[in-house]
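Residue numbers (our numbering), protein chains in the order written: chain G, 36 to 378; chain X, 63 to 503.
Certain hints may be false.
Unchecked claim - Covered by chain G, according to a simulated footprint, are these stretches of chain X (three or more residues, beta-carbon under 8 Å): (1) 68 to 75; (2) 124 to 135; (3) 138 to 147; (4) 169 to 182; (5) 368 to 382; (6) 453 to 461.
It should be emphasised that the hints constitute simulated quantities derived from the structure, not laboratory data. None of these values were measured; they are calculated from a predicted model. By construction, the Cβ of each residue, glycine as well, lies at the ideal position given by its N, Cα and C atoms.
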Amino acid sequence: MSTAVILAAVMLAALVIYSLFGGPDYGAGFWDLMCSGPRRQDQRDLIASAIQPVWEANHIWLILVVVLTFSGFPAVFSWISLGLAVPIFLILLGIVLRGSSYVFRAYFTGSIRTQLFCGKIFSISSSITPLFLGIVIGAISSDAVIVKDGVSENGFLGTWFHPFPLIVGMLSLSLFAYLSACYLTIETNDASLQNDFRNRALTSGLASIIFAVLTYVVAGNSARPIRDGLSRVPYVWLIELGAVIAVLVAFHALWSRRYLRARMAAAAQVALIVTGWGVAQYPCLVRPELTIFNSAAPSNILSDLEIAVAVGALVLIPSLILLLSVFKTQRKSISAVADTTLD
Amino acid sequence: MDNFIAARSQMGMSLAFHIVFATIGVSLPLMMTIAEWRWRSTGDPAYLVLAKRWAKGTTILFAVGAISGTVLSFELGLLWPRFMQYAGAVIGMPFSLEGFAFFTEAIFLGIYLYGWNRVPGWFHLLSGIIVAISGILSAIFVTLVNGWMNTPTGFEIVAGKFENIHPFVAMSNPAGIPEAIHMVLAAYTAAGFATAGIHGWLLLRRGRNRFDEVAIGIALLVGGAAVLLQSVSGDALARMVAAKQPMKLASLEGQFQTETGAPFRIGGLPFPDERETKFAIEIPHGLSLLSFHSPNALIKGLDQEPESDWPNVRMVHICFQIMVGCGSLLSLFAVAAGWLSWKKRSLINHPRFLKALVFVSPLGFVALEAGWMVTELGRQPWIIYHLMRTKDAVTSMPNVTITFLAMTAVYVILGTIVVWLLSRHLIAAPEGKQLAHQGVL
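Excised from the complex, chain X in its bound form (with noise of 0.2 Å):
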C-alpha cells in the first residue's frame, strides 16, 4: 500500500472508531441525567437502575474515548507533520479547550459515580447535568477544527506562512459552528436509536418489564428529537456548504454542470468520465432552492474546478445519499411514533413497533459515518480547503502501512471489548431485587 494512502486509511479508522466511542460517550450522559431525574421526580426505581447503568457505560467510554483520544492527538503529527507544523498554532486553541472541558467531564463524572450517598440529590442531578455539557462542548471544540480545515479563517499568508494568526478567529470560522450542531444532534440520534434498538429487542426477547420499556422510552425521545432538530441543523449547514464551499457542494450532490435552477438528486451515480450523475429521481429546482432558498438560484458545477482537484465524486455523492436516506427514515419513524403514542399510549408494547424500532435503530451510526465520509472525503484533495494539499502534508516516515495495519487490529480488539463490556452491563436484565429494593442497589 502506498504510504499516503496508508496514512489516509489509519487515520480514517482511528476516526471512525473515535467518533463511534464518542458519540455514545457524549449522548449518554444526557440520558443518563434525564434517567436520574425521572426517579426522583417518580420515585420508579427501575429509572434508578437505569441512570446507574448508563452512568457505568458513561465511564467505560470516557476511558475508552481518552485513550482512542490521546491517540488521535498523537497521529495528527505522527502522519501529518507538516500540516501540524503550520497549521497548529491556528487550530490549538479549541483542542486545547477540549482538553479543559474533558477534565471537567472527568471530576464531575467522578462525583456522579461515587456520590450517591454523599452528595445532596439536587447537586447530584447537577452533576450529572455538567457532564452531559461538558461531553457536549469537547465534542464542539473539536468539530470547530474540523470546520476551520474546510473554511479556513482567523489569518493571512504571508510568504507561504501564516501570520497574523488569531485563534480565536479561526475558531469561529463559518463551517464549525453549523458542523458542530450537526456533529452534536448526530451523536444523540445515532446512540438514542441505537439504544432504544437494543431495548426493543430485548423487549421482545424478555417479555413486558418495565426496565426496558423506561430505557426505550428517555432513548427514544433523545433519538427522535435530536433526529428531527437535524434537519433544520443539515439545511444551515447545507446552505454554508453551498456559500463556502460550493465545489463541495457540488460533489455531494454530483453536479457536474454549472446551472441556475438546479436539481436535487434522490439516488443516482456520478460517472465523472461522462460528466452527468445518472438514474437520479430529480426534483426541478430543488438543489437551487435548498441551497439559496430561491428556485433559479445558479449552481456551481465542478466543471468550474480542474478535474485533478476534484474529491471522489462517486463515493462522497453516495455517502451523502446514505446520510440523508437514513436521516429521513429516522425522521419518519420519530414523527410516527410520535404521532402514535399520543393516539394510544401503550405503543411501546406493540410487537410490531418494537421490530420496526429494532430495524431503523443502527440506521443512527450509519448516517454518522456516512456523513463523516461526506466532510472529510469531500474536501479532499485538501487537507485545508484551497490551502494544503492533503499528499503535502503526509509524513515521510516509510511503511505506515505497519503502523496502519497494527493500529487497525488493536482498535477492532478495543471495539471488541467495548461492545462486550455494554451489552454485559449496561442491558442485561436487573435482578428481581434490584427492582424491588432501591437500597440493594
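Excised from the complex, chain G in its bound form (with noise of 0.2 Å):
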C-alpha cells in the first residue's frame, strides 16, 4: 500500500472520528432548536450538561483533517478552498457563532430573553455547520469542482448548488442529529426525557434513511462514478451490509428501549457510513479529476507526516486512555465535581 493510501485512510479515520465524537454536539444543537412539549426546559438542561465538558475540543478532530489535507494533498485543499468557497465560509460562521453563542449562554445569568436569543444562535449555527460540511462531501463526490490556473470552473454556487450536494447536506445533518439523540438517552436517568430523546431518534434516524435512499437515487444522474464506486470497489458490500444491520440493531433497540445498545449500533452505523464513502470515493479526493495519486505530496513528506501521527499517536493513545481511567467513576459525579471546582 503506498504512503498516500495511508495517508489518506488516517484522514478517513479522522473524520469518523470528528463524526462520532463532533457530530452529536451539533446534533445537540440542533435538539436544542426543536426543544417542545412539557419538558422543554428539561431538555434544554440535559443537552447543555451532555456537551459542556468536551466543548470546542473535538474541533481538534476537523484541524486534523484540514492540516492532513493541505499537507499531504496540497492541490486538494488549493481547489477545495477556491470552488466550495462559500460553504467553507458558512461552515466556519457556524463553528465561530456557535462557540461564542454557547459560552455566553453557559455563563451568562442575566434576562431570560438574552439567553433564549443566544440559544437560538447556539442550535441555528449548529445546525448549519453540519449541513454544509454534508454540502461539501456531497461537492467532492460529485463532478463540479474543477479548478483551472486559479479560477473555479464552474464559479462558486454551480459547485455545489444542485441537488446532489444538498441532499448529502441533509443526509448529515438528519444522521448527526439521529446520533445525538441516542447519545442523549443514556445521558439521563429521567424515563420521560428518555423517551423524549428515543422518540426524536427514531424520527431523525427514519429521516437519515430517506435522505440516504435519495442520495442513491438523486446520485444516478449527477454523481454516477460515486454510486458505481458503491458496488465496484471489492469488500465495499461487506461495509454496506454491516451498515445495514447496524440501523436494524439500532432501530430495534430503541425501540425495546435498550439505550447503551442503541447509541452503540447508531455509531457504528455512522462510522460505516462515513466509511462507506471515503471507500467509494477511492481514488479520488474530488471528483472527476483530483486522485489519491495525482494531488498527492512527494512521498518523502507522506511517510514523515505518517511518522508524525504514528508518534503523535503514541503520546496521544496512552494520556487519553490515562484521561479515561481517572474518570472511570460515574458521569454525574464528574459534573457535580466540576461544578464545585469551577466555582
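Each of the two chains sits in its own frame; use the hints to bring them together as a complex.
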C-alpha cells in the first residue's frame, strides 16, 4: 500500500472520529432548536450538561483533517478552498457563532430573553455547520469542483448548489441529529426525558434513511461515479451490509428501550456510512480530477507525516487512556465535582 | 474594497484576534501551575483560589483558541489557495505537530480541571506542567511556519515548483527558532503584565486583600522575567534579520542608504519619496553595532531593492518603534520593581507602585500586536520571502469584502464575550468563605 493511500486512510479515520464525537455536539444544537413539549427546559438542560465537558475540543479532529489535507494533498485543499469557498465560509461562520453563543449562554445568568436569543443562535449555527459539511462532502463526490489556473470553472455556486450536495447535506444533518438523540438517551436517568429523545432518535433515524435513499437515487443523475463506486470497489458490500445490520440493531434497541445498545449501534452505523463513502470515493479525493495519487505530495513528505502521526498517537493514546481511567467513576459525580471546582 | 486588500485585512484581523486569545491561553497555564505549586508548599488558600481561577481562564481561552484556530486553518486556503497549493506540503509538518501538542494540552487540561480530588497531588501538578509545556510547543510550531515564510528553506525550485522538499529542514529554518522564542516570551510578557495590572487596579479599588496580592506577585514575576529575557531574544532575532533579510531590517530601521557604521534611530518618521528618515534621535554606529556586533559593519539600505518591492516602510518603522519602546518601558519597570521589592518588601501595597503598574500593564499587548505587524508588514510584498508575492497567492473569489466584514463582526462579538467572561470568572473577588474553608471550593 502506498504512503498516499495510508495518509488518506488516516484522514478518513479522523473524519469518522470527528463525526462520532463532534457530530453529536452539532446534533445536540439541532435538538436544542427543536425542544418542545412540557419538558422543554429539562431537555435544554440535558443538552447543555451533555456537551459541557467536551466543548470545542472536538474541533481538533477537523483541524487534523484540514492540516493533513494541505500537507499531504495540497492541490485538494487549494481546489476545495476555491471552488467551495461559500459553503466553507458558512461552516466557519457556524463554528464561530456556535462557540461564542454557547459560551455566552452557559455563563450568562442575566435576563431570560438574552439567554433564549443566544440559545437560538447556538442551535441555528449548530445546524448550519453539519449541513454545509455534508454539502462539501457531496460536492467533492459529484463531478463539479474543477479549478483551472486558480479559477473555479463552475463558479462559486455551481460547484455545490445542486440537488446531490444539498441532499448529502441534509443526510449529514439528520445523521448527526440521530446520533445525538441516541447519545442523549443515556445521559439522563429520567425515563420521560429518555423517552423524548428516543422518539426523536426514531424520527431522525427514519429521516436519515429517507435521505440516504434519496442520495442514492439522485446520484444516478449527477454523481454516477460515486454510485458505481458503491458496487465496484471490492468488499464495499461488506461495509454496506454492516451498516444495514447496524441500522436494524439500533432501531430494534431504540424500540425496546435498550439505550446503551442503541447508542453503540448508531455510532457503528454512522462510522460505517462515513467509511463507506470514503471507500466508494476511492481513489478520488475531489471528483472527477484529483485522485489520491495525482494530488499527493512527494512520498518522503507523506512518510514523514505518517511518522509524525504515529509518534503523536504514541503520546496521545496512553494520555487518553489515562484521562478515561481517571474518570472511570460515574459521569454524574464528574459534573458535580466540575461544578464545584470551577466556581 | 479591493479583493486583495480585503483578503489581507481578513487574515490580519483573524490573526490579531487569535494572537491575543492564544497568548493568554499559553501564559495562564504557567501561572496556574506556579499558583498551585505555591499552594502545595505554603498551604495558603489564596493560591488555591488563584490556581482554580486561572485554570478556568485556561479552559475558556483554550476553547476560544480552538475556534479561532479552526477558522485560521481554513482561511489559509480560503484566502491564499495558491500559497497553500505550492507551500502546503512544505509547511504541513509543524501544523500537524501543533495539532498533537494541542491535543495533549486538551487531555491534560481535562485531568487538571476535573482531577483535583481524583489524582495524587504531584500528578495534578505535573498535569499542569504538561498543559503549560504543550501550550508553549503549539506556539513554537505555529511560529516556525511564519519563520519559514520569512526565511524559506528545505526545498529546491525546479521549473517553478517546490521539489526535493524536506519538511524537517523547512521547520528548522533560520528565522523559526528565534521568532518562536520571541513569540513565547512576548506571550508571557503581555499576559503577565496585563494580569498584574488588572489585579493592581482591583487592589486599588478593593483595598488590601491576599487574593489580589498573590495574583500580582505571580503575574509580575512571569511578565517581568519574560520581558528581561526578551531583550536577549530580540537581539538574536534582529541579528538573524540583519543576516538573512537585510531589506526587512532596512525598513524596520528606516535605513534608505547602504552605509557602514549605520546609526540606530529612536523614533523618527521615514519619508520614502525623499529616501530619508527624519526627526529621529540617532545613535552613531548603533545599528551596525546591534546588528553585527561591530561598529563599522555594512548595513544594506532599501536602495538595494526596487521601490516597488519595498514594504510600507513608514508603517513598519512606526510599529517597530512602538514595540521596542513598550518593551523598553516594561523592562525598566521590571528592573525597578525587582530592585525596590528587594530593598523594601511591602512594595505591592504602595499606591504609587500600583498606579504605575496599572499604567504600564497594557503595553505588553501593544508591543505584541505591533511586533506582529512588524514581522508581517515587513515581509511584504512577499508571502514567501523573495519567492512568491502575496498578490499572486490571493484567491480568485470575488467579494472578499463581505467575508471580511462578516468575520470581523463575529470576532468582535467573540472578543467581547471573552473579555466579559474573564472579568466575571477570573478576577471577581473571592467570597470570604472560599478563602477560609478550602473544602467549599
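Structure-based check of each hint:
1. Requiring three or more residues with a Cβ within less than 8 Å of a Cβ of chain G, the coverage given for the segment 68 to 75 of chain X is violated, as only 0 such residues are present.
2. Taking a C-beta to C-beta cut-off of 8 Å, the segment 124 to 135 of chain X contributes 10 residues in contact with chain G, enough for the three needed, and the coverage statement holds.
3. By the rule of at least three residues with a Cβ nearer than 8 Å to a Cβ of chain G, the coverage given for the segment 138 to 147 of chain X holds, with 7 such residues.
4. With 11 residues having a beta carbon nearer than 8 Å to a beta carbon of chain G, the segment 169 to 182 of chain X meets the requirement of three or more and the stated coverage holds.
5. With 0 residues bearing a CB less than 8 Å from a CB of chain G, the segment 368 to 382 of chain X misses the requirement of three and the coverage assertion fails.
6. Residue count for the segment 453 to 461 of chain X with a Cβ under 8 Å from a Cβ of chain G: 4. That meets the three needed, and the coverage hint holds.
Consistency note: the structure conflicts with the earlier hints numbered 1 and 5.
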